[in-house]
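Here the protein sequences line up with chains A and B, keeping their order.
Under our numbering, think of the first position of the first sequence as 1, with each following residue one higher.
Under our numbering, think of the first position of the second sequence as 1, with each following residue one higher.
Bear in mind the hints are in silico, worked out from the structure with no lab data behind them.
Keep in mind that a hint or two might mislead.
Have a look at the derived ranges for each label pair, beta carbon to beta carbon [claimed, not checked]:
{"hint": "1", "chain 1": "B", "residue 1": "Gln200", "chain 2": "A", "residue 2": "Pro110", "range": "19 to 29 Å"}
{"hint": "2", "chain 1": "A", "residue 1": "Arg154", "chain 2": "B", "residue 2": "Gly219", "range": "46 to 56 Å"}
{"hint": "3", "chain 1": "A", "residue 1": "Pro64", "chain 2": "B", "residue 2": "Asn179", "range": "53 to 63 Å"}
{"hint": "4", "chain 1": "B", "residue 1": "Ser146", "chain 2": "A", "residue 2": "Phe125", "range": "15 to 25 Å"}
{"hint": "5", "chain 1": "A", "residue 1": "Lys44", "chain 2": "B", "residue 2": "Lys232", "range": "22 to 32 Å"}
{"hint": "6", "chain 1": "B", "residue 1": "Gln204", "chain 2": "A", "residue 2": "Gly104", "range": "36 to 46 Å"}
{"hint": "7", "chain 1": "B", "residue 1": "Gly173", "chain 2": "A", "residue 2": "Lys132", "range": "34 to 44 Å"}
{"hint": "8", "chain 1": "A", "residue 1": "Val84", "chain 2": "B", "residue 2": "Thr80", "range": "15 to 25 Å"}
{"hint": "9", "chain 1": "A", "residue 1": "Pro110", "chain 2": "B", "residue 2": "Gly130", "range": "20 to 30 Å"}
{"hint": "10", "chain 1": "A", "residue 1": "Pro101", "chain 2": "B", "residue 2": "Ser100", "range": "12 to 22 Å"}
{"hint": "11", "chain 1": "A", "residue 1": "Pro54", "chain 2": "B", "residue 2": "Lys232", "range": "26 to 36 Å"}
Predicted model, so just to flag it, every value in this text is computed and none were measured.
Positions of the beta carbon are idealized from the N, C-alpha and C atoms, including for glycine.
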Amino acid sequence: MTKKMFINKRIIFWLAGLVLIYASVLTFVVINNVSRSPDMKMIKTKEPLLIEGPNGDENYYVLPLGTTLYHDKSFPEGHDRYVVYLNHKGAIAHDEVPMKPEYGGSFIDPLWVSNIDVDTLKEIFKRFPLSKEDVVSAIKSNEITRDDLADIIRSLPE
Amino acid sequence: MAESTKASGTTQAAKTTGAPGKTTKINQLVVSGAYMELLVGGPYTRDKEEHLFGHAALHVIVGSKDITYDFGRYGKTWGTFDSEGEGVLNVWTSFKAYISGENSLGRTTTGFVYNLENAKAEAVIAHFDGIVAQKKELRKKTATASRYVLPANYHPTTNNCTTVTIDGAKVSGKAIVQNPAQYREMRGLSWTERQAARTQKWTQDGIFMPADLQAMLEGNTEARYDKKNVYK
Numbered sequence: 001m002t003k004k005m006f007i008n009k010r011i012i013f014w015l016a017g018l019v020l021i022y023a024s025v026l027t028f029v030v031i032n033n034v035s036r037s038p039d040m041k042m043i044k045t046k047e048p049l050l051i052e053g054p055n056g057d058e059n060y061y062v063l064p065l066g067t068t069l070y071h072d073k074s075f076p077e078g079h080d081r082y083v084v085y086l087n088h089k090g091a092i093a094h095d096e097v098p099m100k101p102e103y104g105g106s107f108i109d110p111l112w113v114s115n116i117d118v119d120t121l122k123e124i125f126k127r128f129p130l131s132k133e134d135v136v137s138a139i140k141s142n143e144i145t146r147d148d149l150a151d152i153i154r155s156l157p158e
Numbered sequence: 001m002a003e004s005t006k007a008s009g010t011t012q013a014a015k016t017t018g019a020p021g022k023t024t025k026i027n028q029l030v031v032s033g034a035y036m037e038l039l040v041g042g043p044y045t046r047d048k049e050e051h052l053f054g055h056a057a058l059h060v061i062v063g064s065k066d067i068t069y070d071f072g073r074y075g076k077t078w079g080t081f082d083s084e085g086e087g088v089l090n091v092w093t094s095f096k097a098y099i100s101g102e103n104s105l106g107r108t109t110t111g112f113v114y115n116l117e118n119a120k121a122e123a124v125i126a127h128f129d130g131i132v133a134q135k136k137e138l139r140k141k142t143a144t145a146s147r148y149v150l151p152a153n154y155h156p157t158t159n160n161c162t163t164v165t166i167d168g169a170k171v172s173g174k175a176i177v178q179n180p181a182q183y184r185e186m187r188g189l190s191w192t193e194r195q196a197a198r199t200q201k202w203t204q205d206g207i208f209m210p211a212d213l214q215a216m217l218e219g220n221t222e223a224r225y226d227k228k229n230v231y232k
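Just chain B, with the same shape it has in the complex (with noise of 0.2 Å):
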């Protein structure tokens, strides 16, 4: 797990002089700073089976705060290729129970971290929190994650992993979107897919397939990331 620190204005240095002539005793505290971290999970292979769809996630960190923001089909299922389902929301008190189970498929995560004020973050945490307070139910709970069905279904193109990702990354006041049009290329999709989901409604932006969202934040000018982890 690759763990981001601010070097300025996060590193506090106490020093504390004694009496003329004793030892100098200097005490060093290092703060982690807020940040947040949208995971963009690439394509893997099993069983020589292609999966290019990938799928993305937001993690923030603030003060003893460390939370993965994680949706997508994870309950009931309906539609033509399961397409649609219950809109389940797993969040995650461990990142690395949640980065360990996306390397364990082969698959590479890419990380890409935004410095925040504390403020920022506990706003992208307050968000999430309301999307949970409306929850139909609270399904799984366990040491590391807790899994809530949320009003609103899964749809592929207007409320998916990555559609979820970027709602919450944006209310931290970063510009994440930057020429959306430019990027909308449903990387992932086979031809046929992609004609299905030009039949579908959007998001404002267009931005539903996980690397297109790694792609928009590769290219964005105006809001660039702080750092970029790979964990695989």
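So that you can see chain A by itself, here it is in the shape it has in the complex (with noise of 0.2 Å):
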């Protein structure tokens, strides 16, 4: 009697200790995937950026206006950092990127987007357009005077 009373006692602290794992467990799940993007702040951009190409690549690619951002963190080096969230179908080449054991199961590779200021806008007049609406969504953000325009405008090519 007294032996069936202890095993039944250990098979209830076994079995609590594996409800509370499970709890655990799910807590985080839960905890990390509500944490995940709900909590992210979500901004819709109102003019175009510019995307760098990844190392060093000398082509300018843009991201749209209207384009949602999910702000991801803020770096004390002054710069944001920000998930944009794309849907494919279709097989894309690729290769594989490794997460090698210095990086602590964390890896990640961002591009560097800029605003269309002066200097920039004119180098983007040398090498292709952009639509129309781009480019006044663009002078309106970001404050381009009359003068600026003008200053653009001479340095373009013959």
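Hints in hand, dock the two standalone chains.
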């Protein structure tokens, strides 16, 4: 009788332990999922942004206005990091990015985006055109003056 | 933007006297002296979130050169809380562009100015030229800055904005590091972050937080700064 009670107590103890572990894992998963995106501040861009190509690629790519950015983190260096969600169907030619042991389970390889200021706009006009709407939005958002515009036009190639 | 000029020594006056009875003509040429400025960016708040860590950079002026060296996690990051990453050095040729970016955060940047002989200022620039020469790649070049990926990765306590700034400033010969243990309080880190930092390797002086650097420069009696600029 005493032995049976001892065995029952052990079973209850182990069951309680398992329930506790399960509850902890569940809480972790729930908190993690809840804090993943709904807590990220979202902004919708009102101007096109230039995306720098990876690893010194000299081309510019445009992130269209109206893109929703999810604020991920602010760095002490003064810049912010955002997440952009993309849908895609089909195959993508790619290389695997290995998770090296020194990364400690987390590796982020961001691209830079920049506003279209006067100097950048001059460069862009030399290389490829934006749509009228993009240009108007950039001018409004960056407070580009009439004098700046005149200067840009004067600098355009013949 | 504040500008440091030396009133004596670098102010050269040339006086040309014409024939007797004619008008005397005075030409005055003002030349800005060489100096380095340790820039310490303070905390800032954005979207009700406080960012207490701070930032440091080194601004050097000599002759026609006006360069700001700004090191940080401007590339790939990894580890818990992105604590490590590629070591990226931004070399700004426009101080206005650098400081306006800092000011836009609502952050106050304090500039500790040390007047230097030209050769000393050139030595600081040569130190960074040597670092840049070892670069893995030039990742980006614009009209105002070049971004270099360096061989040594960013590390929060041994190779960050503050340690790179201190290493560069030391080349000037100014004893900017004085009684570091007295200022090693890890200002800007939470209690948890301090405990984590204590498990890491440190540099010899152990100053890796921008606010600790600022406190050390403020308290330095051996190499007192010549001027303090406040940018905000």
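Notebook entry, point to check: Tell me, which hint numbers fail for this structure?
Noted result: Of the numbered hints given earlier, those the structure breaks are 6, 7, 10, listed in rising order.
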